[in-house]
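Peer 1: Following the hints, complete the assembly by docking chains G and V onto the known chain F.
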Amino acid sequence: MKVFPLLRKSAPFLLLGGMVMLPLILEGTMGKGSTAWVVAIQEMMLFAVLALGLNITVGLSGLLVLGHAAFWALGAYTYAILTVVFGLSFWLALPLGALVAALAGFLLGMPTIRLRGDYLAIVTLGFGEVIRYVLKNFQSLTGGDQGIPGIGFKDGNLQWATGWIREPAALSLRRHFSALDLSGDSLLSKSEAISGGLNPSQLQGIFSSLDTNQNGLSAKELLSGEWGFGFLCPSQEAAWLTLGRPLEMFTCKPFLHSPLHWYLLTLLFLSLALLFFVRLKKSRLGRSLIALREDEIAAKSMGINTTKAKMIAFALSAAWAGAAGVLFAARNNFINPEFFKLDNSVLFLAMAVLGGLGSARGTVAGATILWLGPFLLREQFPQFQEYKWLAIGLLMALMMIIRPQGIFGANTGKTRVKLLSLWQRLTKGRISR
Amino acid sequence: MTPNSSTPLLQISDLHVRYGPVHAVRGISLDVYQGEIVTVIGANGAGKSSTLLSIAGAEKLSSGSITFQGIEVGGKKSPFMVSRGVNLVPEGRHIFSRLTVEENLEMGAFSLKDPSPIPARKEHVFATFPVLGERKDQLGGTLSGGEQQMLAMGRALMVAPKLLLLDEPSLGLAPLIVKTVFETIIAFRKAGTTILLVEQNANMALRHADRGYLLENGMIVGEGTGKELLVDPAVREAYLGA
Amino acid sequence: MGTLSQAVINGLTLGMVYALIALGYTMVYGILGMINFAHGEIYMIGGYAGATFLGLWGGGLSVPIALGLAVLFSILVSSLHGAGLERFAYRPLRNAPALAPLISAIGMSIALQQYVFLTQGTTPKPFPQFFRQDLVAYEAGIKLFGGTLSPLQGLIIIISTLLMIGLSLFVRHSKMGKAMRATAEDRRMAGLVGIDINRVILTTFVIGSALAAVAGVMVSAYISTIFYRDGYLAGLKAFTAAVFGGIGNIPGAMVGGVLLGLIEALGVWATGASDWKDVFSFGVLILVLLFKPRGLLGEVVAEKV
Numbered sequence: 004m005k006v007f008p009l010l011r012k013s014a015p016f017l018l019l020g021g022m023v024m025l026p027l028i029l030e031g032t033m034g035k036g037s038t039a040w041v042v043a044i045q046e047m048m049l050f051a052v053l054a055l056g057l058n059i060t061v062g063l064s065g066l067l068v069l070g071h072a073a074f075w076a077l078g079a080y081t082y083a084i085l086t087v088v089f090g091l092s093f094w095l096a097l098p099l100g101a102l103v104a105a106l107a108g109f110l111l112g113m114p115t116i117r118l119r120g121d122y123l124a125i126v127t128l129g130f131g132e133v134i135r136y137v138l139k140n141f142q143s144l145t146g147g148d149q150g151i152p153g154i155g156f157k158d159g160n161l162q163w164a165t166g167w168i169r170e171p172a173a174l175s176l177r178r179h180f181s182a183l184d185l186s187g188d189s190l191l192s193k194s195e196a197i198s199g200g201l202n203p204s205q206l207q208g209i210f211s212s213l214d215t216n217q218n219g220l221s222a223k224e225l226l227s228g229e230w231g232f233g234f235l236c237p238s239q240e241a242a243w244l245t246l247g248r249p250l251e252m253f254t255c256k257p258f259l260h261s262p263l264h265w266y267l268l269t270l271l272f273l274s275l276a277l278l279f280f281v282r283l284k285k286s287r288l289g290r291s292l293i294a295l296r297e298d299e300i301a302a303k304s305m306g307i308n309t310t311k312a313k314m315i316a317f318a319l320s321a322a323w324a325g326a327a328g329v330l331f332a333a334r335n336n337f338i339n340p341e342f343f344k345l346d347n348s349v350l351f352l353a354m355a356v357l358g359g360l361g362s363a364r365g366t367v368a369g370a371t372i373l374w375l376g377p378f379l380l381r382e383q384f385p386q387f388q389e390y391k392w393l394a395i396g397l398l399m400a401l402m403m404i405i406r407p408q409g410i411f412g413a414n415t416g417k418t419r420v421k422l423l424s425l426w427q428r429l430t431k432g433r434i435s436r
Numbered sequence: 118m119t120p121n122s123s124t125p126l127l128q129i130s131d132l133h134v135r136y137g138p139v140h141a142v143r144g145i146s147l148d149v150y151q152g153e154i155v156t157v158i159g160a161n162g163a164g165k166s167s168t169l170l171s172i173a174g175a176e177k178l179s180s181g182s183i184t185f186q187g188i189e190v191g192g193k194k195s196p197f198m199v200s201r202g203v204n205l206v207p208e209g210r211h212i213f214s215r216l217t218v219e220e221n222l223e224m225g226a227f228s229l230k231d232p233s234p235i236p237a238r239k240e241h242v243f244a245t246f247p248v249l250g251e252r253k254d255q256l257g258g259t260l261s262g263g264e265q266q267m268l269a270m271g272r273a274l275m276v277a278p279k280l281l282l283l284d285e286p287s288l289g290l291a292p293l294i295v296k297t298v299f300e301t302i303i304a305f306r307k308a309g310t311t312i313l314l315v316e317q318n319a320n321m322a323l324r325h326a327d328r329g330y331l332l333e334n335g336m337i338v339g340e341g342t343g344k345e346l347l348v349d350p351a352v353r354e355a356y357l358g359a
Numbered sequence: 036m037g038t039l040s041q042a043v044i045n046g047l048t049l050g051m052v053y054a055l056i057a058l059g060y061t062m063v064y065g066i067l068g069m070i071n072f073a074h075g076e077i078y079m080i081g082g083y084a085g086a087t088f089l090g091l092w093g094g095g096l097s098v099p100i101a102l103g104l105a106v107l108f109s110i111l112v113s114s115l116h117g118a119g120l121e122r123f124a125y126r127p128l129r130n131a132p133a134l135a136p137l138i139s140a141i142g143m144s145i146a147l148q149q150y151v152f153l154t155q156g157t158t159p160k161p162f163p164q165f166f167r168q169d170l171v172a173y174e175a176g177i178k179l180f181g182g183t184l185s186p187l188q189g190l191i192i193i194i195s196t197l198l199m200i201g202l203s204l205f206v207r208h209s210k211m212g213k214a215m216r217a218t219a220e221d222r223r224m225a226g227l228v229g230i231d232i233n234r235v236i237l238t239t240f241v242i243g244s245a246l247a248a249v250a251g252v253m254v255s256a257y258i259s260t261i262f263y264r265d266g267y268l269a270g271l272k273a274f275t276a277a278v279f280g281g282i283g284n285i286p287g288a289m290v291g292g293v294l295l296g297l298i299e300a301l302g303v304w305a306t307g308a309s310d311w312k313d314v315f316s317f318g319v320l321i322l323v324l325l326f327k328p329r330g331l332l333g334e335v336v337a338e339k340v
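Protein chains in written order, with our numbering: chain F, 4 to 436; chain G, 118 to 359; chain V, 36 to 340.
Hints listed in this document are in silico derivations from the structure and should not be mistaken for laboratory results.
Be aware that one or more of the hints could be misleading.
Calculated pairs, DSSO-like style, for lysine-lysine (alpha carbon to alpha carbon, straight line, at most 30 Å) [stated by the list, open to error]:
no. : chain 1 : residue 1 : chain 2 : residue 2
1   : G       : Lys253    : V       : Lys210
2   : V       : Lys210    : G       : Lys194
3   : G       : Lys193    : G       : Lys177
4   : F       : Lys303    : V       : Lys327
5   : G       : Lys296    : G       : Lys307
6   : V       : Lys312    : F       : Lys344
7   : F       : Lys139    : V       : Lys160
8   : V       : Lys210    : G       : Lys279
9   : F       : Lys35     : F       : Lys391
10  : G       : Lys307    : G       : Lys193
11  : V       : Lys312    : F       : Lys139
12  : G       : Lys253    : G       : Lys177
13  : V       : Lys327    : F       : Lys391
14  : G       : Lys230    : V       : Lys327
15  : V       : Lys327    : F       : Lys311
16  : G       : Lys177    : V       : Lys327
17  : V       : Lys160    : F       : Lys344
18  : G       : Lys296    : G       : Lys344
19  : G       : Lys193    : V       : Lys210
20  : F       : Lys35     : F       : Lys12
21  : F       : Lys139    : F       : Lys391
22  : F       : Lys311    : F       : Lys284
Pulled out of the complex, with its shape left as it was, chain F reads as follows (with noise of 0.2 Å):
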């Protein structure tokens, strides 16, 4: 029995830990399968930073925002044009697009978070369709609607300039190089290269910009860390090697951009938003903003500066999302006007409801079911990609009424409605009371 309140206090580090090791579980269990499997779980935990940021509003808060992708994208479009333009570093650029989302999200705010919460949800939600307007019409900064290609992972003074690749190809890559002579200097041509499955248009720009070789690329400056290209990452199993030696696993240039480098570092941001999230319902501020989700009138005569912490909650949110946002420009290579579109706004705030408002693992459950559970369906039913969105926006409505706390949710509703049985729900409108 003694173990349990041990278990329950490592469990945190227990799953971390099983996060960890997962990919090489998967790849173990699956084989070459399972790069598609890492790539989704990567893109469920971003989602999942994504969807507590906007727990901190709506769940915490009680202030429903519904155009947090804008934020999201406010992100990452300054770091891709940051980096693209200036070559700023990613790890420069992850602050700066937070703080760039805090701040347009103080503005937003400024003058809309007093009123009524409704007004917020409206309000936010045209802002998400301004800054798509802005994105898609300012197209000397932003490219219109065609975006900002290229955008890679810059790391210090390397320019990392590819993105992903599709794993068929990386293999046949791979095979490739392996017939090579690694150590020495045989070069693999540009047709070479287009037959693996590189993107012509991507080598064209690497070929041309290699001022030692215009004909081909030598095994060894690829490997030398010059240029980190996706197929050359190690496989995963090279990858797990360099675990044992922390300080290389960021530095191996091959490592970067491989499935597994996004995936342990989109871990570690969604470790530290979870952690972030925790600490934040526990502390001081946190305790207000739920005081005053629960009872704006209350929390103000009891002294809390009610305004001022929907401020600080509202640029939280926004700076969660922001940085969010480099993270996907990072990793996603390219981003345009589209991926920030309504419907993901509504996605992140189905993934907070479902789990729960104001739930941290909640949350997590939530985006794990509405990102990996198509990503399943997918699979078996191809045709259930169609009816996503429709058993989304049934689900959002089920829940508020099955269970408005949603599957993890605390007890954070107003208790009125938690006694309310749902056969009395479903069967009469009562008056209210």
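Peer 2: Coordinates of chains G and V only, in the frame set by chain F:
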């Protein structure tokens, strides 16, 4: 002790009302006979309003039974109760401030399927409260507190209720107006309406009531005729400040 | 870019439509204190219903009769959807914390959109040309100060005006209209005097949906197509109009709608930047909230303190 030995107009037995963890009414039983004025007195939070609200169908009862004219009506909704002739004038009057005085009265008659008696009843209300007739096109919100109380009572009269439930009709009114309100209540009774009155102003209430119940912490702790209670030393100490 | 008077005519036409949709928002808000996010979808469904009716059954009928029946049909379809929304998605949440009905409404908005998408397909549905060609013929229009009022524009303005007058009279003088006002003001007391609250609220949704359906048919005839995504932007604009006029306030929604339509059209006329048309209306929303949060004719919207 009862002035009328036939079956009561309203009979409540073992009524319980809970709001979540709060147990507001804990097993109240009381009877109201045709033509009586019965008052329930008690301190704030004793469960008086909850009792009235659950009789009027605006509050769910947790258990117990309410019979009106011999028929079980516990758990029925307000529109049903109004159509049966049970009407509540709630604490704080709650007149529709953005409707005119006349529209307020029409809303009182909403549940009538047949609109033919409405004009006559309006005239009756205007005759009872002349000030309402003078101000019939004025918005309800522009009336004074006393006038609003009259409007609230007039609104209830539009359906010619058999049983009128009055919740704190004298609350916040000047003494002179309070007197008028009680005179009106007497007049209602003369016209054939039975009255169940909840009051904090125990002195006034007991003086005008045929019978009274004392409510404490959701339970009935005493009952008697108005006069008996008025001279009861315990009542005098607790509610009459003497 | 046409003349000033053309901009005014176009703006007025659009503004009338915004006003019709805004009424649905404002009435529901007045009575339940919630934003019915799915209202734009009700409008869109009305447009689909009208176009579908004409495509299926309009063939043998004369144009005015076919259009009239199409409007009635779309009113029926939209009202059923609006009533279903109230009954199944909002009524169970009537006493829940404020966020719950809003989230339910957003979910229903998405679900309705998708359900139209799944049943009606991925391409915009054309409004049968035969029934609109005479109405949109500018040659048949009236010349006004250098602009042209097409027959359809005239019709939109006249029908909208009549509907708004009708609604005002209904709310002011009918028994149900008075009950709606009473319920909006004090729902609990309305129940106590014997008003059937559920019926009043359902009626409110039906009326709002019917107005949106008429708007949907008129707009799809006006712009020649209807698409499952159309409801969202129209809803956002109409909500802006409702806030502009003062949400919960029926004359406010009318004034707000017309003004918003005019501001948009004149903004585009003055700047020539038609790409930014939607940004104008959002700018209006922000400015209104900044400087006159209760709207032009409305009451206090800031949280009670």
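Peer 1: Does each hint hold? Answer for all of them.
Peer 2: Right, here's what the structure says about each hint:
1. G:Lys253 with V:Lys210: holds (17 Å)
2. V:Lys210 with G:Lys194: Judged against 30 Å, a Cα distance of about 21 Å means the pair holds.
3. G:Lys193 with G:Lys177: holds (9 Å)
4. F:Lys303 with V:Lys327: Holds - the C-alpha atoms of Lys327 (chain V) and Lys303 (chain F) are around 24 Å apart, at most 30 Å.
5. G:Lys296 with G:Lys307: Answer holds: Lys296 (chain G) to Lys307 (chain G) is near 17 Å, not above 30 Å.
6. V:Lys312 with F:Lys344: Given pair Lys312 (chain V), Lys344 (chain F) holds - Cα atoms ~18 Å apart, limit 30 Å.
7. F:Lys139 with V:Lys160: holds (26 Å)
8. V:Lys210 with G:Lys279: holds (24 Å)
9. F:Lys35 with F:Lys391: holds (27 Å)
10. G:Lys307 with G:Lys193: holds (28 Å)
11. V:Lys312 with F:Lys139: holds (14 Å)
12. G:Lys253 with G:Lys177: violated (35 Å)
13. V:Lys327 with F:Lys391: violated (40 Å)
14. G:Lys230 with V:Lys327: The given pair, whose Cα atoms are some 44 Å apart, is violated under the 30 Å limit.
15. V:Lys327 with F:Lys311: holds (21 Å)
16. G:Lys177 with V:Lys327: Judged against 30 Å, a Cα distance of about 41 Å means the pair is violated.
17. V:Lys160 with F:Lys344: OK: Lys160 (chain V) and Lys344 (chain F) at ~23 Å, within 30 Å.
18. G:Lys296 with G:Lys344: At roughly 18 Å apart (the allowed maximum being 30 Å), Lys344 (chain G) and Lys296 (chain G) satisfy the hint.
19. G:Lys193 with V:Lys210: Distance of about 24 Å is within 30 Å: holds.
20. F:Lys35 with F:Lys12: Judged against 30 Å, a Cα distance of about 35 Å means the pair is violated.
21. F:Lys139 with F:Lys391: Holds, because 27 Å separates the two Cα atoms, which is no more than 30 Å.
22. F:Lys311 with F:Lys284: Holds - the C-alpha atoms of Lys284 (chain F) and Lys311 (chain F) are around 16 Å apart, at most 30 Å.
Violated hints, listed in ascending order, are 12, 13, 14, 16, 20; each of the other numbered hints is respected by the structure.
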